[in-house]
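Protein chains: 2
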Amino acid sequence: MGGDYAPHEIVAGAIRAQAELGVEVLLVGDPEQIRSSIAQHHGSSQIEIVAADGVVAMGEEPLVSLKRKPNASINVAMDLVKEGRADAVVCAGHSGAAMAAALLRLGRLPGIDRPAIGAVFPTIMAGKPVIIMDVGAIVDCRPKYLEQFAIMGSVYSKYVLGMEEPKVGLLNIGEEECKGNDLAIRTHQLLRKNSRINFIGNAEGRDVLSGQFDVIVCDGFVGNILLKFAEAVGEVMLQIIREELPQGIQGQLGTALLKPNLKRIKQRMDHAEHGGALLLGVAGICIISHGSSQAPSIFNAIRLAQEAIDHRVLERIKANHFKKSKKSVATNSSSEE
Amino acid sequence: MGGDYAPHEIVAGAIRAQAELGVEVLLVGDPEQIRSSIAQHHGSSQIEIVAADGVVAMGEEPLVSLKRKPNASINVAMDLVKEGRADAVVCAGHSGAAMAAALLRLGRLPGIDRPAIGAVFPTIMAGKPVIIMDVGAIVDCRPKYLEQFAIMGSVYSKYVLGMEEPKVGLLNIGEEECKGNDLAIRTHQLLRKNSRINFIGNAEGRDVLSGQFDVIVCDGFVGNILLKFAEAVGEVMLQIIREELPQGIQGQLGTALLKPNLKRIKQRMDHAEHGGALLLGVAGICIISHGSSQAPSIFNAIRLAQEAIDHRVLERIKANHFKKSKKSVATNSSSEE
Numbered sequence: 001m002g003g004d005y006a007p008h009e010i011v012a013g014a015i016r017a018q019a020e021l022g023v024e025v026l027l028v029g030d031p032e033q034i035r036s037s038i039a040q041h042h043g044s045s046q047i048e049i050v051a052a053d054g055v056v057a058m059g060e061e062p063l064v065s066l067k068r069k070p071n072a073s074i075n076v077a078m079d080l081v082k083e084g085r086a087d088a089v090v091c092a093g094h095s096g097a098a099m100a101a102a103l104l105r106l107g108r109l110p111g112i113d114r115p116a117i118g119a120v121f122p123t124i125m126a127g128k129p130v131i132i133m134d135v136g137a138i139v140d141c142r143p144k145y146l147e148q149f150a151i152m153g154s155v156y157s158k159y160v161l162g163m164e165e166p167k168v169g170l171l172n173i174g175e176e177e178c179k180g181n182d183l184a185i186r187t188h189q190l191l192r193k194n195s196r197i198n199f200i201g202n203a204e205g206r207d208v209l210s211g212q213f214d215v216i217v218c219d220g221f222v223g224n225i226l227l228k229f230a231e232a233v234g235e236v237m238l239q240i241i242r243e244e245l246p247q248g249i250q251g252q253l254g255t256a257l258l259k260p261n262l263k264r265i266k267q268r269m270d271h272a273e274h275g276g277a278l279l280l281g282v283a284g285i286c287i288i289s290h291g292s293s294q295a296p297s298i299f300n301a302i303r304l305a306q307e308a309i310d311h312r313v314l315e316r317i318k319a320n321h322f323k324k325s326k327k328s329v330a331t332n333s334s335s336e337e
Numbered sequence: 001m002g003g004d005y006a007p008h009e010i011v012a013g014a015i016r017a018q019a020e021l022g023v024e025v026l027l028v029g030d031p032e033q034i035r036s037s038i039a040q041h042h043g044s045s046q047i048e049i050v051a052a053d054g055v056v057a058m059g060e061e062p063l064v065s066l067k068r069k070p071n072a073s074i075n076v077a078m079d080l081v082k083e084g085r086a087d088a089v090v091c092a093g094h095s096g097a098a099m100a101a102a103l104l105r106l107g108r109l110p111g112i113d114r115p116a117i118g119a120v121f122p123t124i125m126a127g128k129p130v131i132i133m134d135v136g137a138i139v140d141c142r143p144k145y146l147e148q149f150a151i152m153g154s155v156y157s158k159y160v161l162g163m164e165e166p167k168v169g170l171l172n173i174g175e176e177e178c179k180g181n182d183l184a185i186r187t188h189q190l191l192r193k194n195s196r197i198n199f200i201g202n203a204e205g206r207d208v209l210s211g212q213f214d215v216i217v218c219d220g221f222v223g224n225i226l227l228k229f230a231e232a233v234g235e236v237m238l239q240i241i242r243e244e245l246p247q248g249i250q251g252q253l254g255t256a257l258l259k260p261n262l263k264r265i266k267q268r269m270d271h272a273e274h275g276g277a278l279l280l281g282v283a284g285i286c287i288i289s290h291g292s293s294q295a296p297s298i299f300n301a302i303r304l305a306q307e308a309i310d311h312r313v314l315e316r317i318k319a320n321h322f323k324k325s326k327k328s329v330a331t332n333s334s335s336e337e
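Those protein sequence lines, which keep their order, are chains Y and R.
This note's numbering numbers the first residue of the first sequence as 1 and each following residue consecutively.
This note's numbering numbers the first residue of the second sequence as 1 and each following residue consecutively.
Warning: the hint list may mix true and false statements.
Copies of the same chain are indistinguishable here, so a pair counts whether it falls within one copy or spans any two.
Computed cross-link-like contacts, BS3-like style, restricted to lysine-lysine with a CA-CA straight-line distance of at most 25 angstroms [claimed, not checked]: (1) Lys263 - Lys128; (2) Lys128 - Lys158; (3) Lys179 - Lys144; (4) Lys69 - Lys179; (5) Lys179 - Lys67; (6) Lys128 - Lys228.
Note that these hints are calculated values from the structure, not bench results.
Start from the sequences, fold in the hints, and give me the full structure.
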């Protein structure tokens with residue numbers, strides 16, 4: 001029920017995912033609206049509807065609304081995962097509410113102090129995406145949170161994105177270990193000492209899309225600004241291209257000839273292709289889609305959820321963290337702050 | 001003497017600036033190298049050379065090197081401004097060293113606790129650039145520093161970029177005043193209360209290039225990452241275009257037809273057009289160019305310096321701050337933290 005185009009576009013994406021991906025979709029929300037939307041899309045009557053009552057609207061304070069509306073769609077959807085009736089939640093609504101509902105209803109994975117939102121960016125190297133964590137869950141971070149983000153990101157990069165030994169970078173303003181703000185300098189030391197993280201050093205702004213790094217960790221403040229800037233900058237570039245390319249008669253002819261190639265360029269720059277961001281660190285798979293998501297984004301978000309389930313991301317994170325805890329106890333390590 | 005292409009490209013840019021902009025350029029560095037470079041470019045013998053001995057290299061610790069090499073080119077250049085022999089310094093070398101030399105040799109403007117580097121970005125609205133401050137001078141900021149950045153940025157936007165009543169935004173992760181990290185929340189309150197700042201609210205990552213804001217303030221950590229990301233993302237987009245556009249026979253033909261338009265697109269995306277960033281808050285005009293600057297960037301950096309001089313940016317900042325100090329004393333204001 002959340003997002004700018006709910007329920008119509010959400011339903012359309014879900015119908016396509018159920019048909020093409022071989023997943024079973026449960027649509028959570030107002031049954032009447034959903035049924036009418038399914039009918040409009042000529043969707044299968046086999047798609048299951050789970051009734052919910054109310055939505056957390058964009059301006060609302062998440063914690064207050066979630067408690068006042070126990071049957072809001074995001075709460076009901078999280079409960080489906082908790083009860084084992086669903087393997088994942090996909091949500092295009094209030095992302096703060098989704099995060100809070102996940103924490104309240106599902107809880108954190110053992111060994112994780114704070115969940116993080118990971119966003120997968122394409123890089124300049126084809127087939128080498130990078131996952132940026134966190135892009136908005138935790139704005140005031142401690143070094144140990146970023147260390148945990150590095151482990152969760154590595155698990156995701158290795159098992160879902162298929163990178164052999166994911167190279168981890170710390171988002172920073174210079175290459176040298178002395179560079180950065182207080183958080184970055186302290187986190188650098190922590191990452192360097194952790195033998196289970198393949199830390200290759202600081203990543204500057206210019207390195208984010210270079211393909212040199214598979215995982216880049218940062219606090220949610222910087223990450224969120226970077227994510228939203230990256231999304232917008234693609235739009236700005238496309239607008240410049242749209243304005244300049246068809247200028248003049250030669251330009252109009254050339255642009256007409258290039259139509260299929262321009263479409264491919266738009267696809268490579270379009271964030272709808274990526275579907276959504278992952279909330280990692282909670283005890284369930286949660287995909288947080290953009291509020292402006294339409295059917296293609298929702299389809300991709302469901303595919304993302306399917307990949308995370310198939311590659312057993314939660315189990316892998318748990319396994320990595322159990323190891324960690326044991327090691328910490330055995331050596332009485334003081335490297336964590 | 002600094003930067004990846006010194007002195008050759010620096011000299012080339014300086015020769016062009018002296019010829020086209022009607023400025024008088026002093027080239028500071030090793031006289032022999034500079035003379036040979038001028039000869040290669042068939043430059044005028046009227047360009048003045050000021051001898052300096054040594055350079056602060058990229059890996060060096062600025063403060064240590066500046067003290068050990070009192071005659072390093074950056075030190076000598078700053079002294080020219082201090083002694084009134086030059087109106088501005090343009091530098092493409094170690095930016096940390098440039099900043100430290102400016103602070104040590106020129107000092108801060110009255111009322112300014114920390115200088116900031118301002119970078120001017122083009123926006124989606126033609127003729128409406130935005131200045132982002134700080135993009136790397138101060139990584140751990142206090143609210144009052146950002147308040148000072150807002151004033152300096154407003155002065156620059158108004159008098160140099162010609163915006164009537166510059167709209168100031170605070171870089172943040174949401175529109176609401178409760179959003180953000182600790183620094184952002186506290187800075188929001190300070191900006192809102194300051195009647196000499198036309199604060200219109202938080203600017204999200206997606207708003208940076210929207211043209212809605214004329215000045216955006218942030219700490220130097222976030223700003224530096226954003227600046228370097230923005231520079232790189234233009235490159236990434238251009239590479240995608242270069243790869244995809246000429247695919248197929250139709251593509252090759254279309255691309256050939258579009259050659260002049262593509263050149264214009266490259267220009268609009270190219271950071272060389274912008275020349276450099278301004279170090280505001282020190283008692284002299286300093287332009288910090290990219291280490292990779294070639295002649296066109298240096299030319300533009302010198303033009304930027306000329307504009308800052310012509311529009312008396314230092315005097316305007318001082319005037320704004322004197323007013324501020326008086327007001328603070330008179331009301332014994334506790335709004336500064």
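Checking an output row: Lys69 and Lys179, CA cutoff 25 angstroms. Within, between, both or neither?
between (46 angstroms within a copy, 23 angstroms between copies)
Is it within a copy, between copies, both, or neither that the alpha carbon of Lys128 lies no farther than 25 angstroms from that of Lys158?
Classified as within: same-chain Cα gap 12 angstroms, cross-chain 44 angstroms, threshold 25 angstroms.
Are the CA atoms of Lys263 and Lys128 at most 25 angstroms apart within a copy, between copies, both, or neither?
Cα proximity of Lys263 and Lys128: one copy only (22 angstroms, versus 29 angstroms across).
First find the shortest C-alpha distance between Lys179 and Lys144 inside one copy, then the shortest across copies, and answer within, between, both or neither for a cut-off of 25 angstroms.
Both: 18 angstroms inside a chain and 23 angstroms across chains, each within 25 angstroms.
Up to 25 angstroms between alpha-carbons, please classify Lys128 paired with Lys228: within, between, both or neither.
both (21 angstroms within a copy, 20 angstroms between copies)
How would you classify Lys179 and Lys67 at a CA-CA limit of 25 angstroms: within, between, both, or neither?
between (43 angstroms within a copy, 21 angstroms between copies)
Consistency with the previously given hints is maintained throughout, with no hint failing.
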